[in-house]
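Visitor: Read top to bottom, the protein sequences are chains U and V.
So my numbering is basically just the index in the first sequence, starting at one, shifted up by 72.
So my numbering is basically just the index in the second sequence, starting at one, shifted up by 1.
Since the hints were made in silico from the structure, they are not lab data.
Here a beta-carbon is modelled for each residue, glycine too, at the ideal position from N, C-alpha and C.
Some hints could be false.
Listed next, with one range per pair, are the computed distances between beta-carbon atoms [as the list claims (entries may be wrong)]:
id : chain 1 : residue 1 : chain 2 : residue 2 : range
1  : U       : L452      : V       : K119      : 37 to 47 Å
2  : V       : D34       : U       : I464      : 17 to 27 Å
3  : U       : N481      : V       : T23       : 41 to 51 Å
4  : V       : L79       : U       : V459      : 17 to 27 Å
5  : U       : V463      : V       : G151      : 37 to 47 Å
6  : U       : L452      : V       : G151      : 40 to 50 Å
7  : V       : L208      : U       : I475      : 27 to 37 Å
8  : U       : R403      : V       : L226      : 23 to 33 Å
9  : U       : I475      : V       : K19       : 18 to 28 Å
10 : U       : I464      : V       : K82       : 45 to 55 Å
11 : V       : G73       : U       : N481      : 51 to 61 Å
12 : U       : V459      : V       : K119      : 44 to 54 Å
13 : U       : I475      : V       : K119      : 52 to 62 Å
14 : V       : E192      : U       : I475      : 41 to 51 Å
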Amino acid sequence: MFDRDTWQEILGTLRKHKMRTFLTAFGVFWGIFMLIFMLGMGSGLKNAVFKNFGNRAKNVMYVWSNATSKPYKGFQPGRVPRLNLEDIDYLYENVEGVNYIAPRTTIPGNITYKENAEAYDIRGELSDMITVEGYKVYKGRYIQPSDVEESRKVIVLGKRVAEVMFGKGKWEDAIGKYVTANGVEFQVVGIFGPEFIQPWTEDDLETTVIPLTTMHKAFGTAGRIHYFALSALPKYKISDLEDQVKTILQQRHYVAPDDPRGIGGFNLEEQFDKMSGLFLGISIFLWIVGIGTLIAGIIGVSNIMMIVVKERTREIGIRKALGATPGVIIRSILIESVFITLVSGYLGLLSGTLLVGAIDFIMETNNVSLDMFYNPEVKLEVGIGAVVILVIAGTLAGLIPAIMAAKVNPVLALKNE
Amino acid sequence: MAQTFSMIELKNIKKAYKTDFTNLQVLKGIDLDIEEGEFVSIMGSSGSGKSTLLNILGILDEYDSGKYTLAGQLMQNLSEKQAAYFRNRFIGFVFQSFNLLSFKTAVENVALPLYYQKINRIERLEKAMHYLEMVGLKEWANHHPNQLSGGQQQRVAIARALVTEPKVLLADEPTGALDSKTSSEVMDLFEDIHQAGKTVIIVTHELDIAQKTERIIRIQDGLILNREI
C-alpha cells in the first residue's frame with residue numbers, strides 16, 4: 073500500500089496540477105484551521121469564566137435565612153429564623169457526606185491602631201472559610217481551629233485595612249501588632265485578600281476576620297450566624313445534600329416545609345454545572361460550524377478527484393489492460409484523496425494551533441488580562457479528533473470517484489479518439 | 002516442428018451491441034484456432050468486427066455466446082478480478098497509440114505489469130531492464146515517453162507486453178502510427194519474438210504488414226472469410 077510507486081504516482085499527478093492541488097488543499101486547510109481556531113477561542117472564553125471560580129471549592133452550597141412567607145405552628149409569616157452554631161453542630165452530626173461547614177457572621181466595626189481609626193466590617197468565622205473562598209494570604213496566617221477552640225483574640229486584616237492602618241508600604245509590619253476592634257484588643261496574625269481582585273471581590277480587601285467564638289463572647293452576638301457555606305465530601309454531590317440540609321433547618325426553626333422562603337440557599341455546583349453546560353453547548357456549536365466548513369473543503373476534494381478520474385480514464389484503461397484489479401485502482405484513488413486531505417488538514421491543524429498558541433503567548437508575555445478571555449488552548453483530544461475526522465473525510469471524498477474509476481470500461485477508455 | 006497445441010480456440014463466438022432501439026450483431030459466429038507459437042494477422046476493414054474480436058481475445062470485453070479457450074482455460078463468466086489476472090498473466094498488449102504512461106520513465110512503464118503481480122521494485126526494474134535491452138533501448142531506460150520517437154515508444158510498449166512472459170502477444174494496429182521504415186523495424190521485432198517461440202497476433206488493415214505474418218485471417222461482417230497460409 074505504501075510502496076514507492078503509489079507515492080511516485082500520487083506526487084506525480086499532484087505536481088502536474090499545482091494550482092488545482094493547492095486550491096483543493098486550501099479548502100480542507102481552511103476548514104480545519106477555522107475549526108481549531110474557533111475551538112481555541114472558545115476555550116479562551118471558557119477558561120476566562122472558569123478562572124473566576126478559581127481555587128474556590130466547587131462542591132459547595134451557601135445557606136442563609138430570610139423572612140418566612142407562610143404561617144407554621146403558630147408562627148406568623150415575616151419572621152426571620154436565626155441560624156446559630158448549634159445548627160452547625162447538628163448538621164455535622166446528622167447529614168452524611170459533609171466535608172466542612174464554614175459559617176460567617178458579620179458586624180460593623182471600628183478598627184483602631186494608634187491614632188488611625190476607620191470603620192470596617194468584622195467577620196466572625198470558623199477556620200474553613202478560606203478553603204471555600206480560596207483566599208490568598210499575603211503574610212502570616214488565617215484563622216485556625218485552635219483560635220476558634222480557645223476563643224483567642226486574634227484578627228486577620230484585609231490587605232487594604234493593613235495599608236490604611238500601618239501605611240501604604242508598611243502593611244507587613246501589622247503582623248504581631250495589636251489593634252482595637254470595637255473597643256477590644258486583638259493581635260494581628262495575618263494579612264489576606266481575594267484570589268483574584270475583581271470589582272465584586274474587593275470587599276475582601278477591606279474587612280477583618282476574627283474567630284466566631286471570640287465574636288460571640290466579646291460582642292454579644294449570642295451564637296448567631298448569618299450564613300454558612302457547606303462543602304460535600306468528594307464522593308457526594310452537593311445537590312443531594314441540599315434538600316436534607318434545608319429540611320433539617322426548616323424543622324429546627326419552625327419553617328413550613330413548603331415555604332420557598334425562610335431558609336435560603338445557593339448551590340454553587342448547580343451554577344458551575346449550568347456554566348459547564350453552556351460551554352459544552354458553545355463548543356458543540358463551534359464543532360458544527362467547523363465541521364460544516366470542513367465538509368465544504370471535503371466536497372472540493374471529492375469534486376477534484378472526480379475530475380482526476382475523468383482525466384485519467386485512458387490511464388485507468390491502460391492499467392486495467394495490463395492487469396490492474398478494481399481493488400488496486402480504488403485503493404490508489406483513495407490513498408490520493410486521503411493524502412491530500414491529511415496533509416492539508418494537518419497543516420491547518422498546525423497553523424490553527426500555532427495561532428492560538430501565539431495569542432496565548434503574546435497575552436502571557438505582555439501581561440494582557442481580559443475579563444472574558446484567558447489562556448486559549450487546543451486540547452490534544454481536539455487535535456486527534458480532527459485528524460480522525462480528516463482520514464474519514466478523505467476516504468469518503470475519494471470513495472465515489474474511486475468506484476467510478478473501478479468501473480471504467482477498458483474497451484471504451486482505450487478507443488482511439 | 003514440435004507437437005503443437007491450441008493456444009486460442011474460438012467456437013461460434015457471437016457478440017452484439019444492444020441499445021434501446023438497435024441490436025447490432027458484430028460477431029456472428031467466429032470459429033478460430035491459433036496454435037502455440039503461431040504468428041498470425043487478423044485483417045479486416047473498419048466495422049468488420051476485428052476490434053471487437055481483439056477485445057474478446059484480450060479479455061477486455063465479454064461475448065454473448067460460444068466458447069473461448071485460452072491456453073486450455075475457458076474464458077467465460079470471469080469476475081473483474083479474474084479477468085485482470087488473466088490479462089496480466091496470459092496476454093501482452095501492444096496498442097496503435099502505444100499507451101505509455103507519460104509520467105513514468107521507459108523502464109518504469111515496462112515494469113508496470115509486474116507491479117500488479119506484487120513483485121518487488123528491484124526485481125521489477127531488473128526484469129524490465131532486461132526486456133528494454135532486448136528491444137534495444139537500454140540507454141533510453143530513464144527517458145520519459147515524450148523524449149522518445151514513435152518507433153522507440155512502440156518498442157517500449159512491446160517490452161512492456163513481454164515483461165510478464167505472456168502466452169499471447171496481442172497487437173492492435175501496432176504500426177498504425179509509424180512511418181514505413183519504423184513500421185518494418187517494429188515488424189522485424191515481432192518476427193524475432195515469434196522466432197523465440199511466442200504466439201503473436203497482429204490486428205491490422207494494411208496488407209503489407211499482414212503479409213509479414215505466417216497466416217492472415219480475414220474478417221468481414223462478423224464472420225471469418227477464409228484461411229490462407
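Visitor: Are the hints correct? Go through all of them and say.
Guide: Consistency of the hints with the structure:
A hinted range of 37 to 47 Å holds for the C-beta pair L452 (chain U) and K119 (chain V), which are about 38 Å apart. The hinted range of 17 to 27 Å is not satisfied by D34 (chain V) and I464 (chain U), whose Cβ atoms lie roughly 54 Å apart. At roughly 19 Å, the beta-carbon separation of N481 (chain U) and T23 (chain V) lies outside the given 41 to 51 Å, and the hint is violated. The beta-carbon spacing between L79 (chain V) and V459 (chain U), approximately 41 Å, falls outside the hinted interval of 17 to 27 Å.
Roughly 44 Å separates the CB atoms of V463 (chain U) and G151 (chain V), a value that falls within the hinted 37 to 47 Å. At roughly 58 Å, the beta-carbon separation of L452 (chain U) and G151 (chain V) lies outside the given 40 to 50 Å, and the hint is violated. Range check, L208 (chain V) to I475 (chain U): Cβ separation about 45 Å, and the 27 to 37 Å hint is violated. Judged by the Cβ atoms, the range 23 to 33 Å given for R403 (chain U) and L226 (chain V) is violated: they are separated by roughly 45 Å.
At about 25 Å, the CB distance of I475 (chain U) to K19 (chain V) agrees with the hint of 18 to 28 Å. Our hint of 45 to 55 Å for I464 (chain U) and K82 (chain V) is violated, since their Cβ atoms are close to 27 Å apart. For the hinted restraint 51 to 61 Å between G73 (chain V) and N481 (chain U), the CB-CB distance of approximately 28 Å leaves it violated. About 30 Å separates the C-beta atoms of V459 (chain U) and K119 (chain V), a value inconsistent with the hinted range of 44 to 54 Å.
Taking the beta carbon of each, I475 (chain U) and K119 (chain V) are about 23 Å apart, not inside 52 to 62 Å as hinted. A C-beta distance of roughly 44 Å is found between E192 (chain V) and I475 (chain U), which places it inside the suggested range of 41 to 51 Å.
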